[in-house]
Each structure stands twice: as structure tokens, then as C-alpha cells.
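K.L.:
In my numbering, the protein residues as written are 1 to 282.
In case anyone wonders, no lab produced these hints; they're calculated from the structure.
Treat the hints with care, as some may be off.
[As the list claims (entries may be wrong)] Pair by pair, the computed Cβ-Cβ distance ranges are:
1. S33 x D233: 17 to 27 Å
2. P232 x R40: 37 to 47 Å
3. N230 x Q44: 43 to 53 Å
4. A272 x P182: 32 to 42 Å
5. E148 x P229: 34 to 44 Å
[As the list claims (entries may be wrong)] Pairs of lysine to any residue, SDA-like flavour, derived with a Cα cap of 25 Å:
6. K228 x A252
7. K197 x A252
8. K197 x N230
9. K38 x A272
10. K197 x A246
11. K38 x P271
12. K38 x R19
13. K228 x R152
14. K228 x P271
15. K38 x A246
16. K38 x A252
17. K38 x G18
18. K197 x R214
19. K197 x P271
20. K228 x A272
21. K197 x S216
22. K197 x S222
23. K228 x D194
24. K197 x L223
25. K197 x A215
26. K38 x G244
27. K228 x A188
28. K38 x S49
29. K228 x P102
30. K38 x L48
31. K228 x S187
Cβ atoms here follow ideal geometry from the backbone N, Cα and C, with glycine treated the same way.
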Amino acid sequence: MSRSELPLIVPVLDIQAGRVVRGVGGERRLYRSVLEMKPRGLEQDDPLSVATWYRSRFGASRLYVADLDALSGTAPRLELYHELIEAGFHLVVDAPWGSTTPLPTSNERLESLTPILGTETWRSPDRLAELGRGRLPGGMLSLDLHGETFWRGPSAEDRLRGAGSDETAPKASEDSAAIVPPTRLISACRRWLDVAKLLGITDVLLLDLASVGRASGLSTLSLLSELKPNYPDMRWWLGGGIRGPADARLAARAGADSVLVASALLDGSWPARDSWPALDDS
């Protein structure tokens with residue numbers, strides 16, 4: 001398999017309490033340090049050390065950052081983002097942008113930081129639309145799922161009131177995160193995508209938190225096949241369940257432009273760059 005047969009592979013930094021943790025199934029209170037996976041050559045779990053390890057081992061300089069503390073209602077770690085940017089990384093950052101966190105400037109977005117607006121934060125496409133037409137070129141929409149359910153954390157309104165934490169936020173298994181049948185899920189996703197077009201967003205992430213860290217394979221391929229034909233100008237990212245290059249190849253065949261990978265890189269399932277092409281060309 002050549003590098004051209006793969007989508008762009010983007011390593012993940014799930015950051016919690018200042019360290020990089022291994023995400024499993026969206027159960028954030030149970031996340032533990034990535035060092036428990038015994039990645040070869042990685043000795044520290046601070047974000048810069050893990051980011052540098054990804055670059056030296058896999059040739060990756062573009063990273064997906066999930067600021068889990070900020071997504072649970074605390075202040076975003078802006079100084080950390082800048083530290084990683086100064087070290088030469090381009091970041092795709094999942095944080096409560098536009099609620100408690102100001103949107104990055106156009107220069108920051110284009111050169112070093114892509115902000116993610118996630119359904120976990122905004123809850124309603126109408127609420128997200130209030131950001132204004134064309135205001136987020138270069139940004140990304142994340143459709144945050146848990147199987148056939150929309151994942152819910154503290155809403156944008158909760159954050160503005162200073163409410164919400166990971167201990168109190170409703171999870172997908174609770175009544176407040178109602179199960180969405182597949183046909184309704186597709187319809188709901190299209191409403192979000194229509195708003196994304198109004199905002200000038202051209203990148204979309206289908207993220208299934210139920211599959212994260214499970215090595216279960218991609219669960220979002222069928223959803224991608226339903227959505228992609230109606231939004232041909234979107235660039236599609238997939239996250240959750242990637243086991244190795246074979247899954248990445250399936251994603252590319254389904255039309256994905258990029259995939260997020262964490263566990264398969266950390267546990268040795270993905271070959272290092274000395275026996276495999278670099279993950280990105282930047």
C-alpha cells in the first residue's frame with residue numbers, strides 16, 4: 001500500500017489536567033496517562049513531549065488536540081496551544097470556541113490553528129448559526145456522536161453561566177442524550193452541515209466517541225456514504241476505532257480525506273516512519 005492510498009493521518013492529543021491521556025469510549029473520568037500503553041521511546045506524558053514523539057516517530061506535524069478540561073467547563077489552555085504552535089505544530093483544536101473561548105484570528109486559523117466547533121458544545125445548529133454567515137472560513141465542524149446518538153457535554157449556554165463539569169454533564173447513555181434513530185441522525189447531521197456552509201466551514205469531522213480507543217474499526221463509514229454526496233465541497237475527517245493502515249485505506253476508499261489516530265500509534269499497531277511513509281507532507 002502506498003502513501004497515496006491513505007488519507008491524511010492526524011495523531012491525537014487528548015489533554016486532561018496537563019497530561020496526554022488515552023481516550024476510551026468517551027468515559028473521560030476513566031482516562032489514564034498514555035504512558036500506561038508503554039509507547040516505545042516515550043517517557044513523558046506532557047503534551048509537548050507526546051507531540052514531539054509523534055513527529056519523530058511518525059513524521060507528523062499536524063495534530064488534533066482535544067482540550068478535555070475546557071470541554072468539561074474549565075478555562076481553555078491557550079498558553080499550551082501557543083507552546084505547541086511555537087514548536088512547529090499545526091493544531092486542530094477541539095475547545096469551546098465562540099462560547100467562553102474567543103475565536104482565533106484569521107491569521108492564526110490559516111497558519112497554525114484550526115478551531116473546531118462541535119455539536120457537544122453547541123447542541124443546536126440554530127444556536128451555532130448565530131455566529132454569523134461566513135465568519136469561520138478555515139474552521140471545522142465536529143459531529144460528536146456516541147454510536148447513533150449525539151454526544152452531550154456542557155452546552156455553550158452552560159459555559160457562559162460558568163456551569164457544567166465532567167462529573168455533572170449528561171452522557172450519551174443518560175435520558176438527557178436521547179437516542180436518535182439512524183434516519184433522524186442523518187437528517188440532523190444535514191441540518192448541522194447546512195449551517196456549516198453558511199459559516200464558511202469546509203471541513204467536517206465525524207467523531208464516534210463510542211469507538212475511541214476500542215480498536216473496533218471505523219463505525220462512521222456508512223454515515224459518511226449518506227452525507228458526502230450532498231456536500232461535495234466538504235473535506236471529510238473520521239475519528240474513532242482506527243486499528244491500523246488497513247482501516248485508513250478503507251476510510252480513503254469511502255471518501256475520507258483525513259482520519260484521527262491515537263491508540264494504534266501509541267500501542268505499536270502502526271509502523272514507525274523508518275518502515276512506513278511519514279503521516280503527513282507538511
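K.L.:
Indicate, hint by hint, whether the structure satisfies it.
P.N.:
Hint check results:
Between S33 and D233 the C-beta distance comes to about 40 Å, which lies outside the given range of 17 to 27 Å. A C-beta distance of roughly 41 Å is found between P232 and R40, which places it inside the suggested range of 37 to 47 Å. Range check, N230 to Q44: about 45 Å between beta-carbon atoms, so the 43 to 53 Å window is met. A C-beta distance of roughly 38 Å is found between A272 and P182, which places it inside the suggested range of 32 to 42 Å.
Remark: the range hint 34 to 44 Å for E148 to P229 is contradicted by a beta-carbon distance near 20 Å. Among the hinted pairs, K228 with A252 is consistent with the structure: their alpha-carbon atoms are about 13 Å apart, no more than 25 Å. A distance of roughly 23 Å separates the Cα atoms of K197 and A252; the hinted pair therefore holds under the 25 Å criterion. Between K197 and N230, the direct Cα distance comes to roughly 12 Å. Compliance with the 25 Å bound is thereby established for this hinted pair.
Taking the CA atoms of K38 and A272, the gap is near 15 Å; set against the 25 Å cutoff, the hint holds. As the CA atoms of K197 and A246 are separated by approximately 32 Å, the hinted pair breaks the 25 Å bound. Restraint check for K38 and P271: satisfied, since their Cα atoms lie roughly 15 Å apart, inside the 25 Å limit. A threshold of 25 Å between alpha carbons decides the hint, and for K38 with R19 the separation of about 15 Å falls inside it, so the pair holds.
Simply put, K228 and R152 have alpha-carbon atoms about 24 Å apart, close enough for the 25 Å limit, and the pair holds. For the hint linking K228 to P271, the alpha-carbon distance of about 30 Å lies beyond 25 Å, and the restraint is violated. The hinted pair formed by K38 and A246 meets the criterion: a straight-line CA distance of about 23 Å does not exceed 25 Å. Taking the CA atoms of K38 and A252, the gap is near 29 Å; set against the 25 Å cutoff, the hint is violated.
Distance hint between K38 and G18 is fulfilled; the C-alpha atoms sit about 19 Å from each other, no more than 25 Å. As the CA atoms of K197 and R214 are separated by approximately 32 Å, the hinted pair breaks the 25 Å bound. This hinted pair does not check out: K197 and P271 have alpha carbons roughly 37 Å apart, beyond 25 Å. Taking the CA atoms of K228 and A272, the gap is about 32 Å. The hint is violated against a cut of 25 Å.
Between the alpha carbons of K197 and S216 the distance comes to roughly 31 Å, so the proposed pair goes past 25 Å and is violated. Restraint check for K197 and S222: the C-alpha separation of about 22 Å stays at or below 25 Å, so the hint holds. Distance hint between K228 and D194 is fulfilled; the C-alpha atoms sit about 13 Å from each other, no more than 25 Å. A distance of roughly 19 Å separates the Cα atoms of K197 and L223; the hinted pair therefore holds under the 25 Å criterion.
Taking the CA atoms of K197 and A215, the gap is about 32 Å. The hint is violated against a cut of 25 Å. Restraint check: the Cα-Cα separation between K38 and G244 comes to about 17 Å, which is no more than 25 Å; the hinted pair holds. As the CA atoms of K228 and A188 are separated by approximately 14 Å, the hinted pair is consistent with the 25 Å bound. For a cut-off of 25 Å, the pair hint linking K38 to S49 stands: about 14 Å separates their Cα positions.
This hinted pair does not check out: K228 and P102 have alpha carbons roughly 30 Å apart, beyond 25 Å. Taking the CA atoms of K38 and L48, the gap is about 17 Å. The hint holds against a cut of 25 Å. For the suggested pair K228 and S187, the alpha carbons sit about 13 Å apart, so the restraint of at most 25 Å is met.
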